[in-house]
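K.L.:
For the record, the sequence lines run as chains A and B. Anchor point for the first sequence: position 69 equals 69 in the working numbering, and the numbering is continuous, going up by one each time. Anchor point for the second sequence: position 271 equals 1271 in the working numbering, and the numbering is continuous, going up by one each time.
Fair warning: there could be bad hints in the mix.
[As the list claims (entries may be wrong)] The calculated lysine to aspartate or glutamate pairs, modelled on DMTMM-like cross-linking and capped at a C-alpha distance of 20 angstroms, are:
{"no.": "1", "chain 1": "B", "residue 1": "Lys1274", "chain 2": "B", "residue 2": "Asp1236"}
{"no.": "2", "chain 1": "B", "residue 1": "Lys1274", "chain 2": "B", "residue 2": "Asp1182"}
{"no.": "3", "chain 1": "B", "residue 1": "Lys1225", "chain 2": "A", "residue 2": "Glu96"}
{"no.": "4", "chain 1": "B", "residue 1": "Lys1274", "chain 2": "B", "residue 2": "Glu1256"}
{"no.": "5", "chain 1": "B", "residue 1": "Lys1274", "chain 2": "A", "residue 2": "Asp115"}
{"no.": "6", "chain 1": "B", "residue 1": "Lys1029", "chain 2": "B", "residue 2": "Asp1045"}
{"no.": "7", "chain 1": "B", "residue 1": "Lys1225", "chain 2": "A", "residue 2": "Asp115"}
{"no.": "8", "chain 1": "B", "residue 1": "Lys1225", "chain 2": "B", "residue 2": "Asp1182"}
{"no.": "9", "chain 1": "A", "residue 1": "Lys8", "chain 2": "A", "residue 2": "Asp23"}
{"no.": "10", "chain 1": "A", "residue 1": "Lys8", "chain 2": "A", "residue 2": "Asp56"}
{"no.": "11", "chain 1": "B", "residue 1": "Lys1029", "chain 2": "B", "residue 2": "Asp1094"}
{"no.": "12", "chain 1": "B", "residue 1": "Lys1225", "chain 2": "B", "residue 2": "Asp1236"}
{"no.": "13", "chain 1": "B", "residue 1": "Lys1225", "chain 2": "A", "residue 2": "Glu30"}
{"no.": "14", "chain 1": "B", "residue 1": "Lys1225", "chain 2": "A", "residue 2": "Asp64"}
{"no.": "15", "chain 1": "B", "residue 1": "Lys1029", "chain 2": "B", "residue 2": "Glu1148"}
[Unchecked claim] Residues from chain B shown here face chain A by an in silico Cβ test under 10 angstroms; the list is partial:
{"no.": "16", "residue": "Gly1187"}
{"no.": "17", "residue": "Glu1191"}
{"no.": "18", "residue": "Gln1195"}
{"no.": "19", "residue": "Glu1201"}
{"no.": "20", "residue": "Glu1203"}
{"no.": "21", "residue": "Leu1224"}
{"no.": "22", "residue": "Ala1226"}
{"no.": "23", "residue": "Gly1234"}
{"no.": "24", "residue": "Ile1246"}
{"no.": "25", "residue": "Met1250"}
[What the hints assert, rightly or not] Simulated restraints, written as ranges between beta carbons of each label pair:
{"no.": "26", "chain 1": "A", "residue 1": "Leu9", "chain 2": "B", "residue 2": "Arg1278", "range": "54 to 60 angstroms"}
{"no.": "27", "chain 1": "B", "residue 1": "Ala1270", "chain 2": "A", "residue 2": "Phe58", "range": "41 to 47 angstroms"}
{"no.": "28", "chain 1": "A", "residue 1": "Gly11", "chain 2": "B", "residue 2": "Gln1195", "range": "32 to 38 angstroms"}
{"no.": "29", "chain 1": "A", "residue 1": "Leu9", "chain 2": "B", "residue 2": "Glu1201", "range": "20 to 26 angstroms"}
{"no.": "30", "chain 1": "A", "residue 1": "Asn65", "chain 2": "B", "residue 2": "Asn1258", "range": "31 to 37 angstroms"}
{"no.": "31", "chain 1": "B", "residue 1": "Val1166", "chain 2": "A", "residue 2": "Ala51", "range": "44 to 50 angstroms"}
{"no.": "32", "chain 1": "A", "residue 1": "Asp2", "chain 2": "B", "residue 2": "Gln1195", "range": "41 to 47 angstroms"}
{"no.": "33", "chain 1": "B", "residue 1": "Asp1199", "chain 2": "A", "residue 2": "Gln18", "range": "29 to 35 angstroms"}
{"no.": "34", "chain 1": "A", "residue 1": "Gly99", "chain 2": "B", "residue 2": "Leu1257", "range": "39 to 45 angstroms"}
No wet-lab data here; the hints were simulated from the structure. The structure presented is a predicted model; accordingly, all values stated were derived computationally and were not measured. Ideal placement from N, C-alpha and C gives every residue a C-beta, glycine not left out.
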Amino acid sequence: MDRIPILKLGGVLIVTIQVDMHDRLALALEEDLTARIAGTGARGVLIEISALEIVDSFIGRMLDNIAAISRVLDAETVVAGMRPAVAITLVELGLELTGIRTALNVERGLAMIRDRLAEDDDLESARARHDD
Amino acid sequence: MAVDGTAALTQTVAAEEAGIRAAWLALLKAGGSLQTGRIREAELDTQARTVLEQLRDGLAAAGTDVRADAYAALRDTLSEISRSRAIQGFTPTDTANFVFSLKEPVFAAIDRTHGGDPAAATGGTWAASHLLDALGLHTMEVFLAGREEVIGRQGQEIAELSTPVVRLWDGILALPLIGTLDSARTGVVMENLLQAIVDEEAEIAIIDITGVPTVDTLVAQHLLKAIAAARLMGADCIVSGIRPQIAQTMVHLGVELNVVSKSTLADAFALALKRTGRIVTRRQSALSPTAS
C-alpha cells in the first residue's frame, strides 16, 4: 500500500491507519494530509489508530508534526482509539504528544471536534458566557 | 582409612538399623518435634524409617558420595520432608535437626559395633559425620528454596490484590492504590488501568493514592507516566487522596504533578460526574422536616 486514504466528512478529514506504518508511508500521509487540509479548508482532522499495533519514535513524531501543521492551517487534530500497549510505548519513549487531543473512539473524537468547531463559530457568545 | 571408615559405617547402619531408629526417634521427640502439633508421631516414625532404609541402601551402593545416583531416592525423600516442613511452618532449626540428630545414635552404634577397633571407629565416625553434614545441608537448601517459593507466591498475590480498577459510574473508573509504588507494580497498575479504560470506555479515571505511604520523585514519575498513557488513550485522570504530609514532601522535593488533584475520592468523583454532565442532588423529600 502506497497511500493511506483520507476521507472527508463535513468539515472533518478522517484518516484510519490499518496497516503497520513504515517511515515512507508516514511521510506520504503527512504530505497528503497537509495538501488536503489546505485544499478543502477542513477545520478538523481525526486520525484513527485502533489497528496500529507497533509504533516507534518516528511515528510518534509524525503524529506530533501532523498536529502542529494542522494547527498552523487552522484545523484541530484528534487521535482516537490508541491501544494500551501503544500508549505505554509512546510514554516510555518520552513522547507524551502534549500537543494532540485524544479520544477513546471515533464517535467521541468526532464529537470533540464538532464541539470545538461550534465553540469557535460562537466565539463571541462563548467569551460573554465566560465573563459572567 | 577412609575406605575402612565407610565400610565400618555401612556395616554398622545395616546391623544396628532398628537400634539407631529407636534412639533417633527418642531424640527427635525429646527435641520437641512433636510438641508443636504440626506433625503426628506415626508420620515421624514413617519418615525416620524411610530415611534410614534409603541411607542403608545408599551406603551399600555408593559409600559416602551423596551426589551419587544411589542416593537419589534419599535426596528426594529429604527434599519432600523439608519442603513439607517449610510449608507447615517449621523453623529452619527444627528442619536441620531432623537430619543432624541422627548423628548421635549413629556414633553410639559405631561405638557398639567397632568399640574394640579404635581406627575403624574413628574412620566410621568421620565418614558418618561427613555424610550426615552433606545430607543436612541438602535439606537446608531445599527448605530455603521452599520458603522462597512461598514468599514469591505471596508477593505476586499481593501485587494482584492491590491493583484493582473499580468502575464507579458509566465512564468513570477509580484506581485505589495501596502500598509502595515501584517500577514493576507501576507496570501492572498501568496495564490494568489502560485495559479497563478500553473495556469500560471510560472518559475519566480517578487515581486515589490515600494508601500510598510516601511519594518521592520516582513514584511521582511513575504516576505521571500512567497519567500520560491514559491521556494518550483519550481518558482524563484526576489524582485524589494526597495527604498533607505527602503534599509538603512533594513541594519540598520539587515534585510537580501537573494534573487535576482533589483532596478526597468523593471530591474527585463529584468533579468527574460534573465533567461528564451529571450532578448529584439531594431529593427534596429528604430535606423537608416532615419526613421521618
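K.L.:
Taking 10 angstroms as the limit, does the beta-carbon of glutamate 1201 of chain B come near enough to a beta-carbon in chain A?
P.N.:
holds, 6 angstroms
K.L.:
With 10 angstroms as the cut and Cβ atoms as the points, is glutamine 1195 of chain B at the interface with chain A?
P.N.:
holds, 6 angstroms
K.L.:
Under the criterion of a CB-CB separation shorter than 10 angstroms, is leucine 1224 of chain B in contact with chain A as hinted?
P.N.:
holds, 9 angstroms
K.L.:
Does glycine 1234 of chain B meet its interface restraint, that is, does its C-beta lie within less than 10 angstroms of any C-beta in chain A?
P.N.:
holds, 4 angstroms
K.L.:
Between alanine 1270 of chain B and phenylalanine 58 of chain A, does the C-beta distance stay in 41 to 47 angstroms?
P.N.:
holds, 42 angstroms
K.L.:
Using 10 angstroms as the Cβ threshold, decide whether glutamate 1203 of chain B counts as touching chain A.
P.N.:
holds, 7 angstroms
K.L.:
So does aspartate 2 of chain A sit 41 to 47 angstroms from glutamine 1195 of chain B, Cβ to Cβ?
P.N.:
With a Cβ separation near 35 angstroms, aspartate 2 of chain A and glutamine 1195 of chain B fall outside 41 to 47 angstroms, so the hint is violated.
K.L.:
Mind checking the alpha carbons of lysine 1029 of chain B and aspartate 1094 of chain B for me, to see if they're no more than 20 angstroms apart?
P.N.:
holds, 11 angstroms
K.L.:
Given the hint of 44 to 50 angstroms, check if valine 1166 of chain B and alanine 51 of chain A actually sit that far apart at their C-beta atoms.
P.N.:
violated, 30 angstroms
K.L.:
For the hint on methionine 1250 of chain B, does the least C-beta distance to chain A fall short of 10 angstroms?
P.N.:
violated, 20 angstroms
K.L.:
Below or equal to 20 angstroms on CA atoms is what counts here, so check lysine 1274 of chain B against aspartate 1182 of chain B.
P.N.:
With Cα atoms ~33 angstroms apart, lysine 1274 of chain B and aspartate 1182 of chain B exceed 20 angstroms; violated.
K.L.:
Is the Cα-Cα distance between lysine 1225 of chain B and aspartate 1236 of chain B 20 angstroms or less?
P.N.:
Roughly 13 angstroms between the alpha carbons, so the hint for lysine 1225 of chain B and aspartate 1236 of chain B holds.
Hints 2, 4, 7, 9, 10, 13, 15, 24, 25, 26, 30, 31, 32, 33 and 34 from the earlier list are contradicted by this structure; the remaining hints agree with it.
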